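Trainee: Chains A and B supply the protein sequences, listed in that same order. Take the first sequence: its letter number 114 is residue 113 in numbering that gives the first Met the number 0, and every next letter is one higher. Take the second sequence: its letter number 100 is residue 99 in numbering that gives the first Met the number 0, and every next letter is one higher.
Note that these hints are calculated values from the structure, not bench results. All values reported here derive from a predicted model rather than from experimental measurement. Backbone N, C-alpha and C fix where the C-beta goes; we use that ideal spot for every residue, glycine too. Don't take every hint at face value.
[What the hints assert, rightly or not] What the simulated footprint calls covered on chain B by chain A, stretch by stretch (three residues with Cβ under 8 Å from a Cβ of chain A suffice, anywhere in the stretch; the number is not a length): (1) 13–21; (2) 27–37; (3) 119–132.
Chain by chain, the residues:
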Amino acid sequence: MHASAPAVESVVSLVLRTRSAPGGDLQAESELCRRFAPVVYAFARRRLRSREAVEEFAQDVFLTFIEALRRSSIDDPARVAGFVLGICRNLSSDRARSRERRAALWDAYGHVLAADVSAADEGPHPEAMKLEDCLTQLTQRARDVIRFSYVEALSHIEVAKRLEISETNARVLRHRTLQALRECMTKPMVWEPA
Amino acid sequence: MSTPPSYLELDDYLHGALSDAEAAELEERMFSAAQTGEGDEAAKFLDTLQRRATWLADEGQFGEAYTRAEVDALLAREANVIHRYEVQSQGTTEVSAWKSGIKRVIVKLNIDLRGYEHVEVLARTLRGDPIITFRDVTPDPIDGCLYAVCMEPVARMAFEFDRDLAWEVTAQRDGKREKVAQYATKLVGSFAPR
């Protein structure tokens, strides 16, 4: 008999849980940030290049989100995704936001931002080892396209220029490489004990 | 319900290949998928790729060979946490199990591959079953040797996978692929338990 996987609490339920805790429900808030982290970072990475700027933007989004949760200002929990996207868009268009506002939010809610949401990852994480294993099996050109696109965060036009190929060919190479990496990353490493 | 974005769509989004209108539409789908948790694998995969690839690049472990000068610089910085061994391009080289506390393992293959390109290193079991192929391994431009730097857990995993490994190096010269080395490694001793 197989043990069933633990049920994953819905985002709506997490939002409702934060409402019933006057001082804030740290676990629920942290989990909500974790759920939206990949898409908030994607939003930031589309617009910002440096790691520091991406981290700062994502933190600002989460701090504003946590403040809204604490103030119960999310009218419809079923539309929380739209709410978070709205925060992203507002912050993006309000680049002149004051440092003082950020500092105040950080003092109030910074402790909620768990390490796995915002901090850089340290140490040889199993995913990093697997990725390295997969990268060694790519051609140098394919490794270059991943480095330019996902480490140096270059645009598709800049990647094409660095590789000295057309934008169309660079896109095809990037997509093929991603497919190969995804396939490799979903399998156990050849060395991995069964 | 909207369709969650694929990772190829997200890749285009991240690298500026979509118009603002297309990007805005994709953001709606991306955040919606994060809320429901259905179809949000693409954003998670690319977020993981970005984080781990950046960490690997910072660590100099992006799946590429080192030059001798880079190895010397690494040894100067981290000598006490590096295990280094050399293998010959034919016959069997015994490799001693290393002590605990090692962070990286450096392998030097004594060979001269100057003038060759697209070097591939294939690992097999002694029965001949292929295990992994390292592609586009660049030899040192001065001495022609191959220098590989591996994160310790992966190197250890390889030797624990099979104490005896067969290796074959092929490379291209004048457009023709040649077998340039065939050798074996044998682990001697045992690793301390973790």
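Trainee: Need the list of violated hint numbers for this structure, in ascending order.
Mentor: Every hint satisfied by this model.
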